[in-house]
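Asks: Heads up: the sequence lines are chains A and B, in that order. Counted the way the working numbering counts, the first sequence spans residues 3 to 147. Counted the way the working numbering counts, the second sequence spans residues 11 to 676.
These aren't lab readings, by the way, just hints derived from the structure by calculation. Treat the hints with care, since some could be wrong.
[Unchecked claim] Here are the simulated EDC-like pairs of lysine to aspartate or glutamate, each with C-alpha atoms no more than 20 Å apart in a straight line: (1) A:Lys34 x B:Glu276; (2) A:Lys138 x B:Glu242; (3) A:Lys48 x B:Asp75; (4) A:Lys34 x B:Glu386; (5) A:Lys138 x B:Asp391.
Residue-level listing of the chains:
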Amino acid sequence: MTRKQKRLTVIGGAMAFLMLASGLTLYALGQKTSYFYMPAELQTAKLEPGQRIRLGGLVAAGSIVRGEGTQVAFAVTDQVHTVKVSYSGILPDLFREEQGVVTEGTVGPGGVFIADSVLAKHDENYMPKEVADGLKATGLWQHTE
Amino acid sequence: MIVEAGHFALVLAFVLAVVQFAVPLIGTRTGDDRLMAVAAPVTIAGFALTALSFAALTMAYVQSDFSVVNVWENSHSLKPMLYKVTGVWGNHEGSMLLWVLILTFFGALVAWFGSNLPASLRANVLSVQGLVGAAFLLFVLATSNPFARIETPPFEGRDLNPILQDIGLAIHPPLLYLGYVGFSVCFSFAVAALIEGRIDAAWARWVRPWTLAAWVFLTGGIAMGSYWAYYELGWGGWWFWDPVENASFLPWLSGTALLHSAIVMEKRSALKIWTLLLAILTFSLSLLGTFLVRSGVLTSVHAFATDPTRGLFILFILMLFIGGSLSLFALRASSLTQGGLFQPISREGALVLNNLFLTTATATVLIGTLYPLLVEAVTGDKISVGAPFFNMTFVPLALPLLIAVPFGPLLAWKRGDLYAVTQRLYAALGGALLTVLIALFFVDGMGVLAAFGVGVATWLVLGALTDLALKAGIGSVTTAVAWRRFRGLPRSVFGTALAHLGLGLTTLGIVAVTSLDVEEIAVMKPGDTLAVANYTLRFEEMTPFQGPNFTSDKARFTYINAWGRELGEVISSKRLYTARQMPTTEAGIVTRGLSQLYVSIGDPTADGGIVVRAWWKPLVLLIWLGGLVMMIGGTVSLLDRRLRVGAPAARKAKPKVLTPAETPAQ
Chain A
3 MTRKQKRLTV IGGAMAFLML ASGLTLYALG QKTSYFYMPA ELQTAKLEPG
53 QRIRLGGLVA AGSIVRGEGT QVAFAVTDQV HTVKVSYSGI LPDLFREEQG
103 VVTEGTVGPG GVFIADSVLA KHDENYMPKE VADGLKATGL WQHTE
Chain B
11 MIVEAGHFAL VLAFVLAVVQ FAVPLIGTRT GDDRLMAVAA PVTIAGFALT
61 ALSFAALTMA YVQSDFSVVN VWENSHSLKP MLYKVTGVWG NHEGSMLLWV
111 LILTFFGALV AWFGSNLPAS LRANVLSVQG LVGAAFLLFV LATSNPFARI
161 ETPPFEGRDL NPILQDIGLA IHPPLLYLGY VGFSVCFSFA VAALIEGRID
211 AAWARWVRPW TLAAWVFLTG GIAMGSYWAY YELGWGGWWF WDPVENASFL
261 PWLSGTALLH SAIVMEKRSA LKIWTLLLAI LTFSLSLLGT FLVRSGVLTS
311 VHAFATDPTR GLFILFILML FIGGSLSLFA LRASSLTQGG LFQPISREGA
361 LVLNNLFLTT ATATVLIGTL YPLLVEAVTG DKISVGAPFF NMTFVPLALP
411 LLIAVPFGPL LAWKRGDLYA VTQRLYAALG GALLTVLIAL FFVDGMGVLA
461 AFGVGVATWL VLGALTDLAL KAGIGSVTTA VAWRRFRGLP RSVFGTALAH
511 LGLGLTTLGI VAVTSLDVEE IAVMKPGDTL AVANYTLRFE EMTPFQGPNF
561 TSDKARFTYI NAWGRELGEV ISSKRLYTAR QMPTTEAGIV TRGLSQLYVS
611 IGDPTADGGI VVRAWWKPLV LLIWLGGLVM MIGGTVSLLD RRLRVGAPAA
661 RKAKPKVLTP AETPAQ
C-alpha cells in the first residue's frame, strides 16, 4: 500500500466508526429519552401504551395516602388538573405536600400514573426547572421565598 | 474588619490578574524582557491575595460572624467545627471563591516551577492564566460576593444544607476543582503555543505533568463524589448519569485522551495539532461543567442552590474562552509543523485509537447531556435523557476500547506487530476466558453479558500485569536479572500499568454490582427479619438520638449470616436538622470484604412499622478502589524522572528499557 492508500484506509476506518457511533446515538435519542409533562398537558398528550414519561408538578395537599406495605399514593397537580400517582418504595426525604416533584414512569389503566422513580431534591429551595417553567406558563408560579 | 480586608484583597487580586494578563503579553509582543518578567511575581502576589481573601471568609465562618450574609445563610453556631470550615465552599459564592483560589494557585505553581521554560512561553502562559483569573474574579466580585454584610446581624445562622454536613464536602469539591481548574494550565499552554505559533516535543513534556496532576485530582474528585452520593443519598446508587455527574465526567474523558495524545507528541512529535485542540477542549469542558452545575439549567439530583442569572455570566465567560481559543486555533493551527509518521499498527496507532474512542465517547455524553436544552430551545418540548440513553451509547463505545487497552503498551513505536503482541498476551487471554467460564457456570444469576464483562475486567488486570512482567523480562531471563530490570523500569511504566489495572478493577466492580446486586424492600416491625442475598436482617428497635444540630431516630438491625450466626449491627437513621427543619436519611452500611450490605429506612407506615430498603452490593468497593489505583498510577507516573517538575529540560540520556522482543540474545 502506498502512503496515501494507508492514510485513506485509516481515515475511512475512523469515519465508519464515527458514523456507527452517530447512528447509535441518534437511535438512542429516539428511543431512550422521555418527555416531560405537566398534568394539564397529560390530558391531551398522545402516548403509546407503556411509553415512559416524566410527570411533574406540585404534590397536591392532603393527597398522600400510604397503603399496604411500601405502597404510597399521591397526586400531582398544577392547581387546575390533577393526576393520581402510585409508587412503591421510599419517598425522598424532601417529598412534601405542595412541593415541586418530578416522577418517572408510565400511565397505567384508569389514568393513574405508575411511577417507578420520584426525583429527589437536595435543597429545600430548589424547584425542578421543568416544574417551575410549567407553573410559570400557566401563571400559577409563586416564588416560594 | 477582617471581612472587609478579605473583600479588598479580592479586588486587588482582580487588578493584579488584569496586570498579569496585559503586561507580559505586551512584553512578548514587543520583545521586552522586563515586561515579560513581571508575570511571575504578579501571579504569585495574586495567589497570595486570593488566599488571604479565602482565609478571611474562613475566619468569618469559624467565628460564626452572622453579619456576613453568606455565613448567616449557610452556617450555624452549633455546627461542628469541621463543617464550619468546609461550609465555606458548601454554597455558591464560597465555592466560586475556592474555584478562583485554585486557579490562582495553579498560576503560582507555573510561576514557581516554570523557571526552566523559555521566557516568552512562560510569560504567555501566565498571561492567559491571568485572563482566566480576571474573568472569574470579576464574576465573583460582581455577581457572587461572599463578603456582603447584613445591616442588622441576626442572632443565629440558617445552617448548612444537612446533606453537605459530611466529611465528603471536605474532600470532594477541592479535589474536583483541583482537577477542573488544573486543566486551565494545559489550556494556557495551548493558547500560549498558538500565540507563539511554535510547538515542539518539549512543549508536550512541559504540559504532561500538569495534565497528569489535573487528571489525578479529577479522578479522585469523581470517585469521591460517587462514593459520597452512594452513602449519603440513601438510594444505593453510585452513578446516575445525571447532568452534574456528566459535567465532571466529560473533562475526565477528554483529559484522559489528552494524557495519551501528549505521550505521542512527546515521544514522536506527532499529533501536535490534535493535542493542542484536546487541551483547549478539555478546559472548555471544565468551564462548561462549571456553568452547568452553577446555573441549574438542567434538572439534576445533585443541584444545590443555583442561580440562572449568574449562570448567564458564566456562559459569557465560557463563550469568550471557547470561542476565542478555537478562533485562535483555526487561524494558527495550519502554521504548526507536522510531526513524525507511523504505521496504523503501532504504539502511536493504538494511542490514536484510544483518542478516537475517548473523544467519541465524550461527544456522546456531551450530546446526551445537552440534548434536552437543544430540544427545548427548538421545539419547546421538555425531555429528559437518562441512564438508558447513556448505557446504550457509552457502554458499546467503551467496551472495544477496554479490550484494546492491554495491546497498547506492548506495541512498538512506529511499526508494531499485532500478532506477536497477541501471542505475548495469551496468558492474560486464557485467564480472562477462564474467569468468563467460571462466572458463567459457578456464579448464580450471572448472565452472558455480565460474564463477558467480568472477562474484560480480568483481561485488563492481567494485561497490565503482563505488561510489567514482559518489560522486566520475567520468564525469559533469570529471576535475579528480571528483578533488577523490574526495579529499573521507569516510573511511567509502573504508572501506566497501575492506571490500567485500576481501570480493570473499576470495571469489575461496575459489572458485579450491576449484574448481581440484590435489592429487598419491606415493611418491618421490631423482631421482623428480612433476607438479603446470603444475609438476614433482624430489626431490633428504634431509638431516639440527639445530635449537635439535629435529632434523629436510629433503627438498629442485627445482620445474620447464612449459618445463623449474628455478625453485628447495622444502624440506619432518619435525621431532622432543626434549623432548616430538613430531614435526611443516613444509610447503614456494613462492609464484608469488598462487598457491602446497605440498609436505608423510610417513613413509618400506618400500622407502626417502617419501610426498609436493603441491598447486597457485591464487590462494590472495587469501583472506587479502582479509582484510587488509577490515582496512584497517575502519581507514580508524575514522579517519573523525565517529568519531574523543575528538572533540567533538555536531557536525552534515559536508559532505554528493552522489551524482550527487542532484546538481543543474551
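Asks: So if I understand the rule, the pair passes when the alpha-carbon distance is 20 Å or less; does Lys34 of chain A with Glu276 of chain B pass?
Replies: 41 Å, violated
Asks: If you draw a straight line from the CA of Lys48 of chain A to the CA of Asp75 of chain B, is it 20 Å or shorter?
Replies: Answer violated: Lys48 of chain A to Asp75 of chain B is near 56 Å, above 20 Å.
Asks: Holds or violated: Lys138 of chain A and Glu242 of chain B, Cα atoms, limit 20 Å.
Replies: Given pair Lys138 of chain A, Glu242 of chain B is violated - Cα atoms ~33 Å apart, limit 20 Å.
Asks: Below or equal to 20 Å on CA atoms is what counts here, so check Lys34 of chain A against Glu386 of chain B.
Replies: Given pair Lys34 of chain A, Glu386 of chain B holds - Cα atoms ~17 Å apart, limit 20 Å.
Asks: Decide if the proposed pair is consistent with the structure: Lys138 of chain A and Asp391 of chain B, CA atoms, cutoff 20 Å inclusive.
Replies: 15 Å, holds
Hint compliance for this structure: hints 1, 2 and 3 are not met, and every other hint is.
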